[in-house]
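Asker: So you can see what is in the structure, the chains are spelled out below.
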Amino acid sequence: MKYYDLGIYSSLSDGQDEPEIMIEMAIELGFAGIGLADFTNHTPKIIKGFRNKYKERCPIFTRATLAPKTTDEMKKWVKNLRNQVDIIAIKSGIEDKTIYVNAIVDKRIDIISLSEIADFESLEYAHFKMARNNGKLIEIVVRNLILQSGVQRSKLLRQMIKTCTQIIRSKVPFLISSGAQSKWEMRAPRELVALASLVKIPEKRAFEAVSTHAEKLIQKIHMIRDPNYIMAGVRIVSPTEEGENGD
Amino acid sequence: MEIKENQRYILFKIIAEEEIDQNQLIKVLWRQLFQLYGEFGTSQTGLWMIEYDKNRGYGIIRTNTDALPMVRTTLAIIRQVNGKRCILVTLGTSGTIKALKKKHFQKINKDAQ
Numbered sequence: 001m002k003y004y005d006l007g008i009y010s011s012l013s014d015g016q017d018e019p020e021i022m023i024e025m026a027i028e029l030g031f032a033g034i035g036l037a038d039f040t041n042h043t044p045k046i047i048k049g050f051r052n053k054y055k056e057r058c059p060i061f062t063r064a065t066l067a068p069k070t071t072d073e074m075k076k077w078v079k080n081l082r083n084q085v086d087i088i089a090i091k092s093g094i095e096d097k098t099i100y101v102n103a104i105v106d107k108r109i110d111i112i113s114l115s116e117i118a119d120f121e122s123l124e125y126a127h128f129k130m131a132r133n134n135g136k137l138i139e140i141v142v143r144n145l146i147l148q149s150g151v152q153r154s155k156l157l158r159q160m161i162k163t164c165t166q167i168i169r170s171k172v173p174f175l176i177s178s179g180a181q182s183k184w185e186m187r188a189p190r191e192l193v194a195l196a197s198l199v200k201i202p203e204k205r206a207f208e209a210v211s212t213h214a215e216k217l218i219q220k221i222h223m224i225r226d227p228n229y230i231m232a233g234v235r236i237v238s239p240t241e242e243g244e245n246g247d
Numbered sequence: 001m002e003i004k005e006n007q008r009y010i011l012f013k014i015i016a017e018e019e020i021d022q023n024q025l026i027k028v029l030w031r032q033l034f035q036l037y038g039e040f041g042t043s044q045t046g047l048w049m050i051e052y053d054k055n056r057g058y059g060i061i062r063t064n065t066d067a068l069p070m071v072r073t074t075l076a077i078i079r080q081v082n083g084k085r086c087i088l089v090t091l092g093t094s095g096t097i098k099a100l101k102k103k104h105f106q107k108i109n110k111d112a113q
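From first to last, the protein sequence lines stand for chains A and B.
Residue numbers for the first sequence follow our numbering, so the first one is 1 and each next one is one higher.
Residue numbers for the second sequence follow our numbering, so the first one is 1 and each next one is one higher.
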């Protein structure tokens, strides 16, 4: 089984460590691929260089995590970024649920990310059901579980358990990611699964979250990267391929 | 008649900034267990450090079978020992030390070479 952590932040975005340090740690921890934010300030040449360097050992997927304050802001950012990064994730953290609702129905957005207590409070069962119907992934970030302690962690745990129960009930596919901003905040796949047990996620579902669901998103990324891809369900078929299908 | 509890052994690897002392690691392990699961929860674990090689960064912990998920979660949540940042990675679990070593130590020795 291959494992992926699609929410890692290096010094290119909010993180402290250089991308190489994060990637090397991911390899040591046993990940088959990672999602690294945020490459938007870098030229495609640098991104290509990174990808080629780690192509065999640990494929890199670029990601942008957006925290828009309004729906219009979200739409504007998504429009600009969609062709530049592999994964677009939305986190809001404010009480305005319309941003999440619009993100769920927007086909260009891949992930709804939940990390702070406010994020977990914002969404309910109906939103998760809607997310499932719209093919969205929910991301549960465990970083704050590791960093916080005492009453703060207790409050976060309570809210996370409540939300994760609804996620499980709604059967929406979800990811578990570390949200690491330094290499010391990264966790191995089995440790991510162990942390998920704290918020009452069954082991089987947690393993799916770090492998199967992440793999499906990666397949989608590969499909979009394919030069023959035009849009969802539409791709250019070569004459030989057409012939084979015809036989 | 005394009923013997079923026990599991956990082999873990420690990735740290600097070498970490066994006593300090045990202290942090107990403290984190206590913070997460309280007095009652901690009493169920029967935690015991069997082996620890600080040079190579490997160790074996014994725990009750029922408390295995609790201990694994605690290992995952530890982020520093005595101010030294670290990551604890569970390599495997087994019912006997012999089986655990047989299964994983060959690979560890190979990596060390």
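Since the hints were made in silico from the structure, they are not lab data.
Note that the Cβ used here is the ideal one computed from N, Cα and C, for glycine as well.
Warning: the hint list may mix true and false statements.
A few chain B residues that don't get close to chain A, going by computed Cβ distances all over 12 Å [said to hold, decoys possible]:
| no. | residue |
| --- | --- |
| 1 | Phe40 |
| 2 | Ser43 |
| 3 | Trp48 |
| 4 | Ile78 |
| 5 | Lys84 |
| 6 | Leu88 |
Heads up, incomplete: computed chain A residues facing chain B, CB under 10 Å, no partners named [as the list claims (entries may be wrong)]:
| no. | residue |
| --- | --- |
| 7 | Ala67 |
| 8 | Thr71 |
| 9 | Asp72 |
| 10 | Leu147 |
| 11 | Gln181 |
| 12 | Lys183 |
| 13 | Arg187 |
| 14 | Ser197 |
| 15 | Glu203 |
Asker: Run every hint past the structure and note whether it holds.
Answerer: Hint-by-hint comparison with the structure:
| no. | hint | verdict |
| --- | --- | --- |
| 1 | Phe40 | holds, 16 Å |
| 2 | Ser43 | holds, 19 Å |
| 3 | Trp48 | holds, 19 Å |
| 4 | Ile78 | violated, 9 Å |
| 5 | Lys84 | violated, 10 Å |
| 6 | Leu88 | violated, 8 Å |
| 7 | Ala67 | violated, 25 Å |
| 8 | Thr71 | violated, 36 Å |
| 9 | Asp72 | violated, 39 Å |
| 10 | Leu147 | holds, 7 Å |
| 11 | Gln181 | violated, 12 Å |
| 12 | Lys183 | holds, 8 Å |
| 13 | Arg187 | holds, 6 Å |
| 14 | Ser197 | holds, 5 Å |
| 15 | Glu203 | holds, 8 Å |
Hint check: violations occur at hints 4, 5, 6, 7, 8, 9, 11; the rest are consistent with the structure.
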